[in-house]
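Hints given; two lone chains; assemble the complex.
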Amino acid sequence: MPVVISENLAVLIVVALLSAGYVMPLLKKIKRFRVAEFFAVFVLGLALSGGLYLAREVLHNGAFTYAVGGWSAPWGIELAVDSVSGLFLITIGLVAAPILLWASVDLVREVGSRARAAWYLTLYLLLVAALSGLAVTGDLFNVYVMVEVATIASCAIVAARSNAVSVEATFKYLMLATIGSGFVLLGIGFLFVLTGNLNMNFIFQELSTSWQNYPTALWVGLSFFMVGFGVKSALFPLHVWLPDAHSSAITPSSAMLSSLAVKGYIIALLKVFYIAVGPEIITNLPITDIMTLLGMLAIVAGALFALAQDELKRRLAFSTVSQVGYIFLGIGLGNIHGLTGTFMHIISHGATKALLFLAAGAIIKQTGKTRISEMAGVGFEMPVTLGVFAVGSLSMIGIPLFSGFVSKWQLLLGSLVNRNFLAVIVLVGGSLLAAAYLLPVLRTAFFERSQDRTVKEVPYVQLVAMLFLAVVIIMVGTFPSFVLQLAKQAAGTLLGLEVLP
Amino acid sequence: MSLPLILVAVFGTAFGAVWAAVTPDEDRTERNFVVFGASLVSALIVWWLLGQGLYSASFPAFELGVASLNFKFALDPLGLTYAVIASTLWVFASVYSVGYMDQEGKQRQFFSFFLLSAGITLGIAFSGNLFTFYLFYELLTFATYPLVVHSGGEDAAKAGRKYITYSLVGASLILAAIVMLWRLTGGILDFGAISAALGNASAGQLVTLFFLFFIGFGVKAAIMPLHGWLPAAMVAPTPVSALLHAVAVVNAGVFGILRTVYSVFGVDVVQNMKIRPVLLGICALTILMGSLIALKQDVLKRRLAYSTISQLAYILLGAFVLHPLALKGAILHMIFHSTLKIVLFFSAGIVATETGYLNVSELRGVGRILPLTLGSFGLISLGMIGMLPLSGFWSKYFLLQGSLAADAWILLAVLLLSGLLNAFYFLPITITAFSGESDLQPRKKSSSLWFMLVPTLALAALGLVFGLWPGLASPLVDAVVAQFFSL
Chain A
0 MPVVISENLA VLIVVALLSA GYVMPLLKKI KRFRVAEFFA VFVLGLALSG GLYLAREVLH
60 NGAFTYAVGG WSAPWGIELA VDSVSGLFLI TIGLVAAPIL LWASVDLVRE VGSRARAAWY
120 LTLYLLLVAA LSGLAVTGDL FNVYVMVEVA TIASCAIVAA RSNAVSVEAT FKYLMLATIG
180 SGFVLLGIGF LFVLTGNLNM NFIFQELSTS WQNYPTALWV GLSFFMVGFG VKSALFPLHV
240 WLPDAHSSAI TPSSAMLSSL AVKGYIIALL KVFYIAVGPE IITNLPITDI MTLLGMLAIV
300 AGALFALAQD ELKRRLAFST VSQVGYIFLG IGLGNIHGLT GTFMHIISHG ATKALLFLAA
360 GAIIKQTGKT RISEMAGVGF EMPVTLGVFA VGSLSMIGIP LFSGFVSKWQ LLLGSLVNRN
420 FLAVIVLVGG SLLAAAYLLP VLRTAFFERS QDRTVKEVPY VQLVAMLFLA VVIIMVGTFP
480 SFVLQLAKQA AGTLLGLEVL P
Chain H
0 MSLPLILVAV FGTAFGAVWA AVTPDEDRTE RNFVVFGASL VSALIVWWLL GQGLYSASFP
60 AFELGVASLN FKFALDPLGL TYAVIASTLW VFASVYSVGY MDQEGKQRQF FSFFLLSAGI
120 TLGIAFSGNL FTFYLFYELL TFATYPLVVH SGGEDAAKAG RKYITYSLVG ASLILAAIVM
180 LWRLTGGILD FGAISAALGN ASAGQLVTLF FLFFIGFGVK AAIMPLHGWL PAAMVAPTPV
240 SALLHAVAVV NAGVFGILRT VYSVFGVDVV QNMKIRPVLL GICALTILMG SLIALKQDVL
300 KRRLAYSTIS QLAYILLGAF VLHPLALKGA ILHMIFHSTL KIVLFFSAGI VATETGYLNV
360 SELRGVGRIL PLTLGSFGLI SLGMIGMLPL SGFWSKYFLL QGSLAADAWI LLAVLLLSGL
420 LNAFYFLPIT ITAFSGESDL QPRKKSSSLW FMLVPTLALA ALGLVFGLWP GLASPLVDAV
480 VAQFFSL
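As they're listed, the protein sequences go chains A and H. Mapping of the first sequence onto numbering that gives the first Met the number 0: position 160 corresponds to residue 159, and the numbering continues sequentially without gaps. Mapping of the second sequence onto numbering that gives the first Met the number 0: position 96 corresponds to residue 95, and the numbering continues sequentially without gaps.
Extracted from the complex, chain H is given alone in its bound form (with noise of 0.2 Å):
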C-alpha cells in the first residue's frame, strides 16, 4: 500500500506541474486549485505514512525494478522527518505564491517549476539508496534553476549562473564519492547496509570518501565558504527564497549529510575516523560569520539569508556530535528552523509587495500599517533568537544538553554567542518597526493580501504552539534517534 503512495507522492506532483503547465494563463483560478490541491495530497501522505510509520514502527522498503539501475525507495524515520516539513510547508507557501504572484507575470513557468521541486523534494526524501538519492538531488538544481531566474535581468542570470555552477560542481563530487564506494562496497548502496559492507576500507579512503560527500552536500547545505550562491539566490521571488531557500533546497542538503553521517558510514565509523572536531570546528566558524555577516546586512532578504547560512550549521553541529541528544536537537531544530524561517521570509515578502521596501533601514513605522505581518517577523525572532515560549527554545535546549553531555564546552560557548548575535541583529528590525511614523503614504491594500497574511499567522502561531507543546514533535524526532543510536 505505501509503495503506491509514495509514488503518487513524488509523481503527483509532476502531474501537477505539467497541468499548470497546460493551463491557459487566463485559466488563473484553475491553475491556483492544481497548485494547492497537489500540495496537499502529496502532505496528506506523508502525514498518512507518518502516522502509519509511527504506529506500526515498521518501515517498509521498496525495490523499483528499473532494470540494473537499482532505484530504490525506501521509509524511515529520517526521510519522514525531511518529508513531512517539506510537504506540509509547501502546503503554506503554495497558498502564499498565489497572493505573491497575483501581479507578477510568467505564472505557468513559476507554478510548474514549483509543482515539481515538490515531487523531487520528496524523491530525495523516500530514497532508498545513495543512487537513487543522488538522481533527485541533481534533478532539484534543475528544476528549481527556473525559479531563482524568475524575475529575469541580469543580477537573475548571475545568480542563476552562481547557483547552477555552485549546485553541479557539488554534484560532481558526490557522483565521484558514489562510484568510488561502489567500487569498495562491491555494488551496496542502500543507506543501512553500506557501512557493514565498508570492512576492509582504509582509514584514508574513508576520510577521502567522507569528505568528497561531506563537500559536495555542504554547498546547498551553505556551509562556509560553500555558502555564496545563497545569499545572491535571494533575488528569486518571495515564495521561493522562503520555501527553496530556507527549508527544501538548503535542508536537501543537511538531510545529505545526515544521512551520509549516519545512514551511509553510521556513528561508530564516524567516530573512530577522528574527524570530529575538524567538522565541528567548521560548523562553529559557520554559525558565528554567518550570524556576523547577517549583522552588516541591510537588506532583508539577505539578512535572512545570512542566518540560515548560520542556522543550518546549528543542524550539522548537533549531527556531528555523534551524541543521541545532540541529535534530537538537530532533527528538532532542522524542523523548527524551517518553521521558523518561512513565516520571516513570508512576512518580508508581504513587506516588500505592499510597501516596496527591501531595506532594514526603511521600515521605520511600518509595523503601525502592517502590524499582523510585523508582529509575526517578531514574534518568530524571539524563537531565531531561542527564547520561550517559541519552539527554537526546544531544538537549543537539546543542542546544548547534547554538547554538555559528549564534553564539548566550547561548543557551549558557540551556541550561547550566536543566540546574543541573533538577537543583536534581530531585535533591531521588530524594534524600528514598530518606532516612529513611516512616511509611507497610506494606500489601499492589494485583494490578495489575506492570502499571503493567513499562512504566514497560520505559521507563527505552529511556532508558539510547537514552543508550548515540544513534545508533540518528540514521537517522530525519537524514532530518528532511536533508528541511529541503540539505547
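Chain A extracted, bound-state conformation (with noise of 0.2 Å):
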C-alpha cells in the first residue's frame, strides 16, 4: 500500500465512504445501475481492507492519533486509531459489504425507482460512512456529528418504501432518535463545561484531577449520555421505536440496523464513558450497576417478547432488543471479561443478526409468508437459505464453533469474576430464550411438510452474501484468535491496562 494511503488510512477510510455516497445520485443515469451498486460494493470492499489493515497494524504497533489536516488538537480535529475502532472497522466492512450486495439483486424493485435505489446507496454509504467515523473519532465533536448523520441516514433507510406502516415507524424513529441526540448533545454540553475541552483524551486528564469537585454535576451529564445513546442502541426500556422500524422496513435496511447501526452508539458510548470519563470515575459510579441491571433485563424481557411474535421479522428485531442487552450486561460488569465478551457480542451479533435478518428476507421474497407459523417446509424447497439461518440460529443461542458461543464464554467468565451469579444464570437462561424463539423456525422449515413445491431459491448472489456471513460467524467462532486479541486489547485499551498479546 502506498505511503500516502497508509498513512493517512484512518481518514481515507470515512472520505472514500462518504464521497463513494455523493456520487451515487450521478449514477442512476448508467445504462446498468447493477455497476453502480457494485461500486458501492467494491468501496465497502475498499473499507473492509483499510480495516483489517489498520486493526493489524494497532495490534501489531499500538494504538496512534491521527491530525486531521496536519492540525494537532485541541485547535484541529484528532482520530483516535485504537483497537476499538479497529474492531469495530472490521465488524463494518464485514457486514455491510455482504448486505450491500444482497441488496443488489434487487433494490430497484424494492424501493421503486432507479432515482429512489441511487439516493437509497448514498444513504446506506452515508450510514456506513458515519458508523466508520465513530470508530475513529477521538472528539465529541465529532462524535455528535456522526451520530446525526447515521440516525438521519437509518430514519431515511427505513422509510425507503413509502408505505404507510414504514413511515409510521420512521416517524416514531424519528421522534425518539431526535430526544435522543438532544440528550448526547446535552451530555456533551456538560463535560464541555465541566473540562473546558472536546478532544477526550483532554477531558479524561482535566477530569481526573478535578472530578471530585462537581461529581453530580458529572454523573448528571453521564446520565444524559446513558439516555441518549440509550434510546438510540435500543436499550431496554428505551427499545420502543426498534421493533416497528426493523420490522417494517426492506430487508437491507433491517439487517443494516439491527447489526450495525445499533453497535455505532454503543461504541460511541464506550468512547464517551471509558476513554473520555475513564474507568476509574466510571466504577464510582453506580452507572455500571444500572447497565448490568438494564442489560439483565433487556436479555429476558427481549427474548420474552421475541417468543410471543409469529411474524419471522418482528422476532428478530426484538432478538436484537435481547442481544443488546448481552452487550450492555458486558459493559456494565466492567471487567476485561467482561468488555472482551462486549466487543465479541459486537462482532459476532453483528454478523449473526445480518444473516438471519437477510435470511429471513429471503423466505418472505420467495414465498411471500412473513408468518412463522406458514412457512411449513420451506426448508426443502430453499435448502441453502434456511442452512445459513440454522448457522445464524446456533450462532445466536452460543452453540461452540459458531461465534456466538466465544461471546457468551467471555460474558460468563466476567461475570463470575464480579461473582455475579444472577447475571450467570440470566446469560445461560438468555441463550435457552434465544433457542427457544429461534428453533421452531427452524422446526417449521425442515419438519413440517407442505403442499406446494413452487419455491425457488433465492439468485445466487444473495447465496453467495448469505455464505459469506456464514463463513465469517464459523470461522470466527472456530479460529477466534485474532479478533479475540483484537478484542482483549480493545478492552484493556478502555480499562487502561496493558494486554499482552
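Don't read these hints as lab results, they were simulated from the structure. Note that the structure is a prediction, hence the values are computed from the model and not measured. Glycine residues also receive a C-beta, built at the ideal position from the N, C-alpha and C atoms. Certain hints may be false.
Okay, derived cross-link-like pairs now, DSSO-like style, lysine-lysine, Cα gap no bigger than 30 Å in a straight line [unchecked claim]:
#, chain 1, residue 1, chain 2, residue 2
1, H, Lys-157, A, Lys-368
2, A, Lys-364, A, Lys-30
3, A, Lys-364, A, Lys-455
4, A, Lys-368, A, Lys-171
5, A, Lys-455, H, Lys-105
6, A, Lys-455, A, Lys-368
7, A, Lys-368, H, Lys-161
8, H, Lys-105, H, Lys-157
9, A, Lys-364, A, Lys-28
10, H, Lys-161, H, Lys-295
11, H, Lys-105, A, Lys-364
12, H, Lys-161, H, Lys-105
13, A, Lys-368, H, Lys-105
14, A, Lys-455, A, Lys-30
15, A, Lys-364, A, Lys-27
To list a few chain H residues with every Cβ distance to chain A over 10 Å, as calculated [claimed, not checked]:
#, residue
16, Gln-102
17, Asp-154
18, Lys-161
19, Gly-203
20, Gly-265
21, Pro-276
22, Val-359
23, Leu-399
24, Ala-407
25, Pro-427
What follows is a list of derived Cβ distance ranges for each label pair [as the list claims (entries may be wrong)]:
#, chain 1, residue 1, chain 2, residue 2, range
26, H, Gly-104, A, Phe-478, 35 to 41 Å
27, A, Ile-424, H, Ser-434, 55 to 61 Å
28, H, Ser-201, A, Val-219, 40 to 46 Å
29, A, Val-463, H, Leu-284, 54 to 60 Å
30, A, Ile-424, H, Lys-295, 35 to 41 Å
31, H, Val-7, A, Leu-25, 57 to 63 Å
Right under this line is the structure:
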C-alpha cells in the first residue's frame, strides 16, 4: 500500500465512503444500474480491507492518533485509532458489504425506482461512513456530528419503501432518535462546561484531577449520555421504536440497522465513558450497576417479547433488543472479560443478526409469507437459505464452533469474576430463550411438509452474500484468535490495562 | 498413528453422512452400503485402537491446536469402553435400520443424521478435555433431534420439543459449570489434570460444581426426575429408540457423570465431599421408581424405556459407591445393559413392523408367528432380570460385591428388589407371547425381515456368550478400574 494511503488511512476510509455516497445519485443514468450497486459494494470492500490493515497495525504497533489536516488537537480534529476502532471497522466492513451485495439483486424493485435506489445507496454509504467515523473519532464534537448523520441516514433507509407502515415507524423512530440526540448534546455540553474541552484525551486528563469537585454535575452529564445512546441503541426499556422500525423496513435496512447501526452508538458510548471519562470514575458511579441491571432485563424481556411474535422479522427485531442486553451487560460488568465479551458480541451479533435478517428476507421474498407458522416445509425448497439460517440460529444460541459461543464464554467469565451469579443465570437462560425463539423456525421449515412445491431458491448473488456471513460466523467461532486478541486489547484500552499479545 | 485414526473414525462418519444425504432416493442400495460401510470402518478403527491400547497399556493424548479453542482428543480405557459399545452396536443397528426403514419415507434424512450421530458419539468418547466433551455433547442433541421427530405428526413434534428443551437446559448447566471450573483451575480443563488444580477450591464451590455437572448430565442419563423426555422420545423409529435411547445418547449422559466423578473430580475429592448418601439415594430411588412405573406400562416400548431409566441408575449407583468392585460392576453393566437392551428394542421393532402390535396386551400368541424374535426377547429379558447364563448376571454380581465391600447394605436390598420387579414386568411379556393363539391372520413376512432378525439374533447370542465367558470383557474393564483406583 502506498505510504500516502497507509498514513492517512484512518480519515481516508470515512472520506472514501462519504464521497462514494455522494457520487451515487449521479450514477442513476448509467445503462446498467447494477454497476453502480457493485461499485458501492466495492467501496465497502475497500473500507473493509482498510479496516483490517488498521486493525493489524494497531495490534502490532499500538494505538495512534491522527491529526486531520496536520492541525494538532485541541485546535484541529484528532482521530484516535485504537483496537476499538480496528474491531468496529472490521465489523462494519464484514457486515455492510454482504448486506449491500444481497440488496443489489432487487433494490430497484424494492424501493420503487432507479432514482430512489440511487438515493438509497447514498444514504446507506452515508450511514456506513458515519459509523466508521464513530469508530475512529477522538473528540466529542465529531461524535455528535456522526451520531446525527447516522440517525438521519438510518431513519431515511427505514422509510425507503414509502408505505404507510414504514412511514409511521420512521416517524416514531425519528422522534425518539431526535430526543436521544438532544440528550447526547446535553451530555456533551456538560462535559464541555466541566472541562473546557471536546477532545477525549484532554477531557480525561482534566477530569482525573478535578472530577471530585463536581461529581453530581458529572453524574448528570453521564446520565444524559446513557439515556441518549440508550434510546438510539435500543436499550430496554428505551427500545420501543426498534421492533416497528426494523420489521417494517426493507430487508437490507433491517439487517443494517439491527446488526450495525445500534452498535455504532454503543461504541460511541464506550468511548465517552471509558476513554473520555475513564474507568476509575465510571466504576465509582452507580452507572455500571444500572447498565448491568438494564442489560439483564433486556436479555430476558427482549427474548420473551420475541417468543410472542409470529412474524419472523418482528421476532428477529425483538431478538436484537435481547442481544443488545448482552452487550450492555458486558459493559456493566466492567472487567476485562466482560468488555471482551461486549466487543466479541458486537462483531458476532453483527454478523449473525445480519445473516438472520437476510435469510428471513429471502424467505419472505420467495414465498410471500411473513409468519413463521406459515413457513412449513420451506427448508426443502430453499435449503441453502434455511441452512445459513440454522448457522445463524446456532450462533445466536451460543453453540461451540459458532461465533456466539466465544462472546457468551467471555461474558460468563466476566460475570463469574464479579461473582454476579444472577448474571450467569440470565446469560444461560438468555441463550435457552434464544433457542426457544429461533429453533421453532427451523422446525417448521424442515420438519413440517408443505403442499406447494413452486418456491425457488434466491439468486446466487444473494446466496453468496449469505454464505459469506455464515463463513464469517464459523471462522470467528472456530479460529477466534485474531478477533479475540483484538477484542481483548480493545477491552484493555478502555480499562487502561496492558494486554499482552 | 492413532490420532489420524481417531479423526477418521469421528469425521469419516460425518463424510458418510454427507454421502448418504446426497445419494438420490432411487439409489437405496448405494446408501445402505455407505451407511453400513461407514459404521463398520469406525467400529474397526475403535477395535484396533482398543487392541493397541490394551497391548501397549499406554494411551496417547493428542492436542489439536485449533487456535485458542483447546481442542483435545485423548484415548483412555473409559473412553474406549464407551466407544467400543457405541460403534459396535452401531454396525448392528445400521443393518437393522436398513430392514426397518425399507418401507418408510425420508430415508436420506434418517440415514444422514444416523451416521452423523455415530461420529459425534465417538467424538464424545475420545474427548480429552471438558471443552471438547461439551462441544460434542451439545452437537449430539442437535444431530439426534431429527431422528426423534422422524415420524412426523403432532406427537413427534411434542416429543422433539421435550427432548430438545431438556437437553439444552442440561447442557447450559454444564456450560456454566465448565466456566466456573475454568475460573477455579486457571484454565485447566484436561481430564485427569483438573482434580490436582482444584486444591484451593472451597467445599461449597466443589459441591455446587458437582451438582451442576450431575444435573446437567443427569438429563441425558435420565435420572429421575429428569427422565421425562425419554419415554416421550419413544415415538421415534425403533432403530433410533434402540440405538440412541438405550445406547448412545443415554450412555453419553452416564459417561458424562462417570467422567465427572472419576476424571474431573477424582475419587478422593468426591469421597471428601460427603455427598455419597445423597447420590446413592437418588440412584436407588430412580431404580425402584423406574421399575415400578415400567410395571404399569402397556405400550411395549414405553415399558422398555422405563426399564432403561431404572437400569441406567444401576450404572450410576455402581459409580457412586466409589469402590473398585462397584466400578467394575458399573462398567460391566454399561456394556451388558446396552447389548441386552438393544435386542429387546430390536425385537419390539420386528413385532411392530410384522404384526402392527405395539402393546403388551396384544401380544397373545405372537410368539408362534415370530418364534425367533420372541425367543430372543424372552432369553434376553432373563439377562435384564440378572439370571445366569446371561451377561446381566455378572454386572449385577459385581455391583452387589461392591456394595458389600463398601458396607452399603441397603443397596443390596434395592438391587435384589429391583431384580424381582424386573422379573414381574419382563416375564409376562414372553409368557403371553407364547401362550394361546393369536387372532392375527397369517400373512407373508416382509422381505426385509432377515435384515432385522440377523442383528437381533447375533446380539442375543452375544449376551449369551458374555454370560458364559464373562472374562471376555474383563481386560478392558480392569483397565478402567486400574485407571481410577491405584490398587
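Legend entry - Range hint compliance [Cβ, Val-7 (chain H) to Leu-25 (chain A), 57 to 63 Å]: Hint holds: Cβ distance 59 Å, inside 57 to 63 Å.
Inset, instruction - Compare the distance between the alpha carbons of Lys-364 (chain A) and Lys-30 (chain A) with 30 Å, and conclude whether the hinted pair is satisfied. - result: holds (26 Å)
Legend entry - Minimum Cβ-Cβ distance from Pro-276 (chain H) to chain A exceeds 10 Å: Pro-276 (chain H) clear of chain A: closest Cβ-Cβ about 27 Å, beyond 10 Å.
Inset, instruction - Sort out whether Lys-368 (chain A) lies within 30 Å of Lys-455 (chain A), counting only the CA atoms. - result: Holds - the C-alpha atoms of Lys-368 (chain A) and Lys-455 (chain A) are around 14 Å apart, at most 30 Å.
Inset, instruction - Starting from Lys-368 (chain A), check that the Cα of Lys-171 (chain A) is at most 30 Å away, please. - result: Distance ~26 Å between Lys-368 (chain A) and Lys-171 (chain A) Cα, so the pair holds.
Inset, instruction - Would you check whether the claim that Lys-161 (chain H) is not at the interface survives, using Cβ distances to chain A and the 10 Å cut-off? - result: Label holds. Min Cβ-Cβ 13 Å, cutoff 10 Å.
Legend entry - CB-CB spacing for Phe-478 (chain A) and Gly-104 (chain H) relative to the 35 to 41 Å hint: holds (40 Å)
Inset, instruction - Evaluate the given range 55 to 61 Å for the C-beta pair formed by Ile-424 (chain A) and Ser-434 (chain H). - result: Given range 55 to 61 Å: holds, Cβ gap about 56 Å.
Inset, instruction - Measure nothing beyond the straight line between the CA atoms of Lys-364 (chain A) and Lys-27 (chain A); if it is 30 Å or shorter, mark the hint as holding. - result: Given pair Lys-364 (chain A), Lys-27 (chain A) holds - Cα atoms ~25 Å apart, limit 30 Å.
Legend entry - Restraint check for Lys-105 (chain H) with Lys-157 (chain H), where alpha carbons must lie at most 30 Å apart: holds (19 Å)
Legend entry - Holds or violated: Lys-161 (chain H) to Lys-295 (chain H), with C-alpha atoms at most 30 Å apart: Satisfied, since the Cα-Cα distance of roughly 22 Å is no more than 30 Å.
Legend entry - Status of the stated non-contact between Pro-427 (chain H) and chain A (beta carbon gap over 10 Å): holds (37 Å)
In summary, the structure agrees with every hint in the numbered list given earlier.
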